[in-house]
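*Asks:* The chain contents come next:
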Amino acid sequence: MLNTISFEAIKTAVQQWLNMHWGPHLAFIAECILIGLLVIVFFAVLGLLLVFMERKVSAVMQIRLGPNRVGPKGWLQTSADTLKLMLKEGLTPDGADKFLFNLAPFLIMIAAMLIMVPIAFARNFQIWDINIGVLYISSIASISVIAILMAGWSSNNKYALLGAMRSGAQIISYELSAGVAVITMVMLTQSLSIQDIILSQQNGWWIFKGHIPAIIAFIIFMIAATAETNRAPFDLAEAESELTAGFHTEYSGMKFALFFLAEYINVFIVCAVAAILFFGGWMPFHIGNWEGFNHIMDYIPSSIWFLGKTFCLIFLIMWFRWTFPRLRIDQLLNLEWKYLLPISLANLLLMTIIVVLKWYL
Amino acid sequence: MDNEALKASLLPLNANLTFEEGGEWVNVFVPYNELKPLLKTLQGEPDLYFNYLFCLTCVDWKTHLTMVYHLTSLKWQHNLVVKAVLNRENPQIETVCDIWKTAEFLEREVYELFGVEFLHHPDLRRLILTDDFKGWPLRKDFEDPVNMIKL
Amino acid sequence: MSIQQYIKNVFNAVKTLLKGMRVTGYYFFHPKEIITQQYPDNRATLKLADRFKGEVVMLHDENNEHACTGCTACELACPNGTIKIITQFDITPDGKKKKALNTFVYHLELCTMCNLCVEACPTGAITMAQNFEHSVYDRKQLTKILNKPGSKIRAGVE
Amino acid sequence: MHQVLSSTPEGIFTINVGPQHPATHGVLHLVITLNGETILKIEPHLGYIHRSIEKMCESLTYRQFIYVTSRMDYLSAHINNHACALCVEKGLQVEVPMRAQYIRVIMDELTRLASHELWWGAMAMDVGAFTPFFYAFRERETINEIMEETCGARLTMNYMVPGGVMADIHPQFQQKVKQFIAGYKNKIAEYNELVTGNVIFQNRMKGVGYLSTEDAISYGCSGPVARASGVACDVRKRYPYDVYAQVQFDEIIETTGDSFARYLVRIREMEQSVRIIEQLIDNIPEGDYQAKTKAVLKLPKGEFYQRVETARGELGVYIVSEGGTTPYRIKFRSPGFSNLSALNEMAKGGKIGDLVATMGTLDLVIPDIDR
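Residue numbers (the numbering used here), protein chains in the order written: chain V, 514 to 874; chain C, 257 to 407; chain W, 36 to 193; chain B, 147 to 517.
Treat the hints as calculated values from the structure; they're not laboratory data.
For every residue, glycine included, the Cβ atom is placed at its ideal position computed from N, Cα and C.
A couple of the hints might just be wrong.
Claimed, not checked - Here are some chain B residues the structure puts well away from chain W; computed CB gaps all over 12 Å:
(1) LYS383
(2) GLN392
(3) GLY470
Claimed, not checked - Cut-off 30 Å, straight-line C-alpha distance, at most; resulting in silico cross-link-like pairs (DSSO-like, lysine-lysine):
(4) C:LYS318 <-> B:LYS201
(5) W:LYS82 <-> B:LYS333
(6) B:LYS383 <-> C:LYS296
(7) B:LYS333 <-> W:LYS43
(8) W:LYS50 <-> V:LYS851
(9) W:LYS50 <-> V:LYS722
(10) B:LYS352 <-> W:LYS50
(11) W:LYS119 <-> B:LYS352
(12) W:LYS134 <-> B:LYS438
(13) W:LYS54 <-> B:LYS333
(14) C:LYS263 <-> C:LYS296
(15) B:LYS352 <-> W:LYS54
(16) B:LYS440 <-> C:LYS396
(17) W:LYS43 <-> B:LYS352
(18) B:LYS236 <-> C:LYS263
(19) C:LYS318 <-> C:LYS263
One chain only, chain V, in its complex shape:
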């Protein structure tokens, strides 16, 4: 193929080497450990990167400079912050339910890690291509709400409890419209597997060839994704001007950092899912049968395509955050039940008609 040093090539090489030297069983275990390590490292790097990106984006929008002291242009700022958080004492309040209190940050991280499984980072580079990939993502994403409720309840703090309750109501309702938006796209691809969804966008991304329903579904998915990740304008669970810090009021040190990290990982994941569903994941930008143009596009590595799209969407979500005020809890639920859900259901119907009549390319 074109890319000799692609992720696919590296993966195959490692696999072959392991199988050659260690035999199939040991190789499988080694691969599992390797993947686990990779995911953890990827998380850490991603967290640092996204926090830095958020700080820089917000700074420039707010006519500030942002972090620029630690390392060249401030690149090491987030690493320094992490170091600080690690050195801080992880307090557990006296009145807290200690077991649940300490479990919650890990649970939220585990939930975030699990979603990573079916996401395709590059051509043929995926931890596990489950045939129900999209369904798997939506279902695992709901685990995080348990962790948030757990954190809020076990803190034995009224602010934390209020934040957790808000979060529960919010995530459970926004799951619906996010789910319907995903189903709309599944209608088009007629497969739940991530690989199939990406491959079906070979000659154009769904956002372009899926007509209006795809665009509406995209908008709804982005709104719901922002809500599901508890980010402004839907950050009611944290709402620092109302609830000081919401469900993680009582957390400090590394446990707080895990919540913080999980938020950014979740943002990455929802954006990655949006990129896969609507922008073809790692699929380069192809237009119909313009062979020459498509060929040039193929020269750009697939991983760049995937990360580029994802980061553009992350930027969009950050842009939301630094522009809009926060909604009130009843308005938040109004928006979901009176606007997003009816629109997405109508949209699903529209999409069904389109699919049945085979109007898409």
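Chains C, W and B: place on chain V using the hints.
*Replies:* Okay, now just chains C, W and B, sitting in the frame of chain V:
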């Protein structure tokens, strides 16, 4: 209504009013036990209509305390100062917070800084100082050797 | 709510949101608008207003002479007891005793930079300086003596 | 298992908002009784920053006490000083030169602009939008620089003295103010685009924190809070002081009485402040900037009351004089104190998010409430 007309219309309201000369506005003294009905009339009477209590405070004259009520009418644009003399040992006066709701907070402030007890006040607790604070800080004889620095 | 109204509402809402995003987007793509000053780094170019009230100083000329007669007007004008003037009696050449300044004690930690002492001074002996970096490790260092050692009153100042 | 969170069987519980809480902008302490998210009762607890300024002033002379008042409502420091200077002048019966009056009013209006700027940013932050805060501070910084050049300080200037102002304006003052005003109008349009028009913001504000006209009067509210409830109470219009009688400006009155009305009143007041400054800045008359006063001021025996319109409402200075060099008793009628007392009425029955929005539009400055 100018000051003279205001004085004239005040006179029939209460026989025990005494006026204090000088000053920008009409100053009227009233016995403390007759203050409440007077203020009630001042607020209710359509020609006077003192609907806005903009300042309520107390002055310690070392021999006695004087409650000072600054009233204005947003409709007629006239102002009036009503004063009531209280004895210093056991200052008690009827609350006016059922006439003007703002008095609730202002009276709480006066209570803790001057020790004036407002009868029938719904919630006469300390507002600013700690609950176990001793003494009435804005009285002239208040001494606090720790926190008051004499220059 | 009619269906038309509903759709209109949704569109208007989205429009106002996009307007807001345009404002922040403008600033994102115009980094020239950034107004941050990098304070300790820009010390060389940092220019304070001439009238900036940073601390009280006593003006001395090249002969190490000041204009303070020790009249304590500033001490009286100060609301916080920031200034303490210790006077002494000099013997003038014609044998008369004359009140003069011995030590001008200035408590920077009490000063609120209200400028009242400078206003009160009849001879213009003290003024406000533009220094604002007052932090020290020991509070004692904030008590300053403003008249320089060996300085004396300028001839002709009454 | 141990007991978690005390509450009554009906689910009614209390939370403490403050003294350290992001929405209280200082050390205000509110004890809130909640039923779920709905507020049943709010009880303010004050005094965390009470310095007993009234008692302090009793031992300061009439020149000295003015600087303390900058520390009350530090966002309208000029206007506080102005009120005290006016009150002392009233007692001394000093005629203030026209030049000083013009300078004072321009400074007052610049202060009002700066104060409303800060309020706008902080209020947007309360409802969850962070970015407006920085845009507001950019404009506020320009005003502060103008202040610094003329008054020598940025926040607590102590520029007004009995009889006029402490120093003449800086030679560049007029030019800089005009430059600022010229650019400022676009900024208000930008604010409207970013925040006022925003559908989320409007939903957060409209119909929230309702205060009826009767309650506004009864609670002694003043300033934008009362004007948003339809009470015409602008001191600048009703009892004009200095050159306010000569300038053209509108008293902004809204009648809806909700948080959005309070927001609109302040935003439109900023436009009016600009209008006042525009009228005055080119016409500052020549002359003295300070009237001749004695070195030691003595007020005649009597009582003097002066009210002015600060950025938050009606500030009253009540001086009881015994004829000495220091006031016998001084009382500051602070606008925030009365406005705060109406908070319970406004936020009752709303959500916690509404409380934050309502408090934001009250524009509370805690040192002003506590004094």
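*Asks:* Decide, hint by hint, whether the structure agrees.
*Replies:* Each hint, compared with the structure:
no.: 1; hint: LYS383; in the structure: holds, 32 Å
no.: 2; hint: GLN392; in the structure: holds, 28 Å
no.: 3; hint: GLY470; in the structure: holds, 15 Å
no.: 4; hint: C:LYS318 <-> B:LYS201; in the structure: holds, 15 Å
no.: 5; hint: W:LYS82 <-> B:LYS333; in the structure: holds, 26 Å
no.: 6; hint: B:LYS383 <-> C:LYS296; in the structure: holds, 28 Å
no.: 7; hint: B:LYS333 <-> W:LYS43; in the structure: holds, 29 Å
no.: 8; hint: W:LYS50 <-> V:LYS851; in the structure: holds, 19 Å
no.: 9; hint: W:LYS50 <-> V:LYS722; in the structure: holds, 25 Å
no.: 10; hint: B:LYS352 <-> W:LYS50; in the structure: holds, 19 Å
no.: 11; hint: W:LYS119 <-> B:LYS352; in the structure: violated, 58 Å
no.: 12; hint: W:LYS134 <-> B:LYS438; in the structure: holds, 29 Å
no.: 13; hint: W:LYS54 <-> B:LYS333; in the structure: holds, 15 Å
no.: 14; hint: C:LYS263 <-> C:LYS296; in the structure: holds, 17 Å
no.: 15; hint: B:LYS352 <-> W:LYS54; in the structure: holds, 20 Å
no.: 16; hint: B:LYS440 <-> C:LYS396; in the structure: holds, 28 Å
no.: 17; hint: W:LYS43 <-> B:LYS352; in the structure: holds, 19 Å
no.: 18; hint: B:LYS236 <-> C:LYS263; in the structure: holds, 23 Å
no.: 19; hint: C:LYS318 <-> C:LYS263; in the structure: holds, 29 Å
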